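Undergrad: Residue-level listing of the chains:
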Amino acid sequence: MSKHVVILGGGIGGLATAYNLRKLDSSLRITVVSGRPYFGFTPSYPHLALGWRKFEDISIPLANLLPKHGIDFVNEDGESIDPDANKVKTKGGKVIEYDYLVIATGPKLVFGAEGQEQYSTSVCTAEHAMELNKRLEEFYRNPGPVVIGAIPGVSCFGPAYEFAFMLHYELKRRGLRHRVPITYITSEPYVGHLGLGGVGYSRRIMEDLFAERSIKYIANVKITKVEPDKVIYEDLEGKTYEVPAKLSMIMPRFMGTDVVASAGDKVANPANKMVIVNRCFQNPTYKNIFGVGVVTAIPPVEQTPIPTGAPKTGMMIEQMAMAVAHNIVNDIRNNPDRYAPELAAICIADMGKDAAFFYAAPVLPPRATVIQKKGVIWHYAKSAFEKYFLWKIKAGNIAPVFEEKALHLVFGTQGIRLCADCSGAPGTC
Amino acid sequence: MSKHVVILGGGIGGLATAYNLRKLDSSLRITVVSGRPYFGFTPSYPHLALGWRKFEDISIPLANLLPKHGIDFVNEDGESIDPDANKVKTKGGKVIEYDYLVIATGPKLVFGAEGQEQYSTSVCTAEHAMELNKRLEEFYRNPGPVVIGAIPGVSCFGPAYEFAFMLHYELKRRGLRHRVPITYITSEPYVGHLGLGGVGYSRRIMEDLFAERSIKYIANVKITKVEPDKVIYEDLEGKTYEVPAKLSMIMPRFMGTDVVASAGDKVANPANKMVIVNRCFQNPTYKNIFGVGVVTAIPPVEQTPIPTGAPKTGMMIEQMAMAVAHNIVNDIRNNPDRYAPELAAICIADMGKDAAFFYAAPVLPPRATVIQKKGVIWHYAKSAFEKYFLWKIKAGNIAPVFEEKALHLVFGTQGIRLCADCSGAPGTC
Amino acid sequence: MSKHVVILGGGIGGLATAYNLRKLDSSLRITVVSGRPYFGFTPSYPHLALGWRKFEDISIPLANLLPKHGIDFVNEDGESIDPDANKVKTKGGKVIEYDYLVIATGPKLVFGAEGQEQYSTSVCTAEHAMELNKRLEEFYRNPGPVVIGAIPGVSCFGPAYEFAFMLHYELKRRGLRHRVPITYITSEPYVGHLGLGGVGYSRRIMEDLFAERSIKYIANVKITKVEPDKVIYEDLEGKTYEVPAKLSMIMPRFMGTDVVASAGDKVANPANKMVIVNRCFQNPTYKNIFGVGVVTAIPPVEQTPIPTGAPKTGMMIEQMAMAVAHNIVNDIRNNPDRYAPELAAICIADMGKDAAFFYAAPVLPPRATVIQKKGVIWHYAKSAFEKYFLWKIKAGNIAPVFEEKALHLVFGTQGIRLCADCSGAPGTC
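Top to bottom, those sequences are chains A, B and C.
First residue of the first sequence: 27, per the numbering used here; consecutive thereafter.
First residue of the second sequence: 27, per the numbering used here; consecutive thereafter.
First residue of the third sequence: 27, per the numbering used here; consecutive thereafter.
Extracted from the complex, chain A is given alone in its bound form (with noise of 0.2 Å):
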């Protein structure tokens, strides 16, 4: 009989991993887990919280998709899993035996600062992000200061950045701009770190988009409250501060969700829930349960006074997304080839008429290539992109040859490789 692998989470990773599975063995029986009926574009968040998107543009109901593509689609989340039974609980109560699991599930996001859930929002799910478009539409009518942030702990840097940029765009279109003092507070401990230590000289290129913005900056503190007309923040030495805030869009730092909770303490990673995973994004104690996306945990690149983490971007969540994809195919055929993501990452910035672009490969130093560009033809690049993305997703074709030819060609992206020694925390194998 077919083995049966099942996937937490219908975003790019659980859909990603179907997809390659799917590719690579026709027979095995896929189930995808998600409570969300649909498929959103997470990178065009900030785009659908700035009126820029619509919903409909940047999403797909999965009911239909996936068991055109022979993938089954329970739409309910994720309770529990039980690693030693080899079982996962819905919400809905359905119990779920798996061959393989793989746990994708993306973050559960933590509102760390007080108030910052209540009075700030994220542009980190589609509902956060068009709430904010309804706060915008009221600011527009009756602007002032405007702070965008990060708490500590945060992850994921290049969307705050974005929006800053983008609003700027928006405000300025709309001839509010001189009448909107905006200000960017962050736990990096500079500009342009991004979690990632930097990306070439990434530092400059954001302290100069931001000049050429009048946008503020304020690095290395932590946001500790958020209130309906200001944001407090703290410094190295307990100082607080305090910017007046009529808006404020503050990013929350991720965490493993409940249902990697569950699985205990062998599955999830005590510190912070997310699925331990080796360097080919196995759990080392579980070998059938793998972990793909935002959910794995993967060491900071460096530390930082205030702590930061290290991003996941979709480039490396597709390879994840592969690497297990092989994996798993080649346990099954006791083929003893193990795969580790090249975790390289693009990053585009778009700014509304330009862009900032960003490459590093790997993105865990020492890193052999690193490339920073800004200009017109990233906006571009990366509309193109969503849409290239969002006709994967519906086409069931995550990973087309011609993908990894150009890649590989531009960048010399290698996407993944093969790993003699799984051992180990995710990184350079």
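It is worth saying that the hints were derived from the structure and are not from the lab.
Careful, some of the hints might be misleading.
No copy is singled out in the list; a pair is fine if it fits within one copy or between any two copies.
Here are the simulated lysine-lysine pairs, DSSO-like style, with alpha carbons at most 27 Å apart [to be verified]:
1) Lys431 / Lys198
2) Lys134 / Lys49
3) Lys29 / Lys115
4) Lys242 / Lys399
5) Lys120 / Lys29
6) Lys420 / Lys198
Just so we're clear, the structure is a prediction, and the values are computed from it rather than from any experiment.
Dock chains B and C against the given chain A, drawing on the hints supplied.
TA: This is chains B and C only, laid out in the frame that chain A set:
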């Protein structure tokens, strides 16, 4: 009987106001009162100092010009203003009654450092620039170290940078550059601050321009004394230092002229004797008194460790003049519309064969638009603008429609804005 | 009888002096004394280390070459100089009388850090570079961390940067870069100082180049010890740190050779045994002794917290050689004209497929001209220059007219200048 507008000052602010008024209302009686018999194009005084321009190239006699455009000219400095009696007395003893008074005298120069007036010189007046030119001719025969700088309280830094760059170029042309150490010493907290808190990444641009030209810079200090062979400055801790200087060009700070002071504390800001104005550049107490140009009291962009002021550049002054002209004519016509200048600033720092270009709109943050460029084109743009501006003065057409359109098209400049509430310090309306 | 000029040294300085002399005066007797049987193109030694050049590609045997151009060649190192008797003794025991002596031996290398000579290697001699090449071949099979650096007192930093950039390129080409952390550790107060106080904004350029290449840098420290698996350095407070290093390339500092020291304190600077020369590169005590190249004592550009020296680059050495040749020939002919080298420096740091270019004229500030560029063109320029220079050495034509004209046209380079007063330390005349 038609109203009488008296304008103190025959510089950019005074003439721009006069011409705007004449264009808006052909029946108005307009009198320009100025001791200087000519209009001088201030931005080219550094060029005058270096002998790149002759005085005749950048000045226009006013005696025949103004009457030709229907404007009376009294070639005497104002001595006192009696704002309660609506009268101005000139140094020659004439008493002139006015319905509206526009104060556009330009600044009184304050040489705050000991020996500054005697041993250093400036490029703030045509006389100073020509004196500097004489000193330079002697200096070329026997060169030595040069100090270019700005004392505490200066608001006009642009010409100091420009003079440093242009002197470098001239010395190189003469094969003398390697014998002349040049040091720039400033009260700005960092180079490129410009009294503006920087314009985009002007700090980096200025640092690079100085580095490329082998010009040393010392920022965040107070020049306290100028001697025939050295300049003495003090750091924030009060420690003093000497820099050898065979020649020095140290910018003075500006305050209001004595004729402003004579009008009393309701017209002259007690702190610096500049004209107190609201957002529409009208005096809040005497509603028929207006201020235009460098003599108006504008708050600094930000507090700096050593005091600096916000510059009032040509474009800002032209916008003030246009707003004031509209406000006077509307007052006469009982039209309630009042205008505030946008206070957008263009600054082109000539460097001999290329130039640095900065645009900030509005000057007082938050800024909607910031542009910084460097290139040969801006050197020619500056020369072309000089010719164009002198043509405007001769033609009596200070704000041609095509200029307004072009500025709006290229930079989004608005010039003046309808202002619902003129109260408060000059700035965004 | 025709005068006899003896030249100690067969490198760039020695041969350039010999060829210039031969061109200026065909009757002169010229003898080159050098223990090395070949001319080696020093700037390509980093390329030799990486295996990008073979020794034969960048060296020329002297035994047949020099006689062909009418120059005697004694293939022995000098042992001692008796400046009062106008005699040089060679290691082989030959005693050579001279009318004029030109000291162009190049430096003696000083490995000031414990274990530096044993566990590290340099690119300062062909032998070192070839040894490094052997170590690299082994290193590629089993890579690990690399340290590239410079101890206190170094004056030649360029090849360290170049080697770092080129090693990055080579490792990437071999697919090994992501396994090799590279750290640059230097006595310069900041990267891009180059012993020159920077060249324009070389600091920013070097910071960016390192950031783009994922190379860490630690500046303003003293490397005190090299061990087989680590490099130990000390900060200004005397605190010590370790950096793991499976391979290290640490630049030594330079001092005068023993043969210079043998001439006594009036020829050899007591501090560093380099040749004491005036602005015209003539010894002030023994007027018939001249110095050319790295062995001459030139003051540092500026005091640095940890000592560094001013580099003497190829162009500077060619200019010294030309000035010295003119000065000797004019002395013989009783022509009172004396020349000083302009001391303009070109530095091209190769990076594999592109290169960084710096030009400073004169090297000792104030500088009239500073240029910094980055681009593919400079990579080819460097290769082309290598070929061109080797052709010049073979052809015996060290200063072709077209070269002089081209340099003057492109950079305004003067080469040498008539110097009314030769007294004083080398520098601007």
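Undergrad: Hints first: check each against the structure and report whether it holds.
TA: Results of checking the hints against the structure:
In the homo-oligomer, the alpha carbons of Lys431 and Lys198 lie at most 27 Å apart only across protomers (19 Å), although the nearest pairing inside one protomer, at 40 Å, exceeds that limit. In this assembly of identical chains, the alpha carbons of Lys134 and Lys49 never lie at most 27 Å apart, being 30 Å within a copy and 66 Å across copies at closest. In this assembly of identical chains, Lys29 and Lys115 lie within 27 Å of each other by CA distance solely inside one copy; the values are 19 Å within and 88 Å between copies. In this homomeric assembly, Lys242 and Lys399 come within 27 Å of each other (Cα to Cα) both inside a single copy, at 22 Å, and across copies, at 21 Å.
Proximity of Lys120 to Lys29 under the C-alpha cut-off of 27 Å is restricted to the intra-copy arrangement: shortest distance 19 Å within a copy versus 89 Å between copies. In this homomeric assembly, Lys420 and Lys198 never come within 27 Å of each other (Cα to Cα): the closest approach is 36 Å inside a single copy and 37 Å across copies.
When each numbered hint is compared with the structure, violations occur for hints 2, 6.
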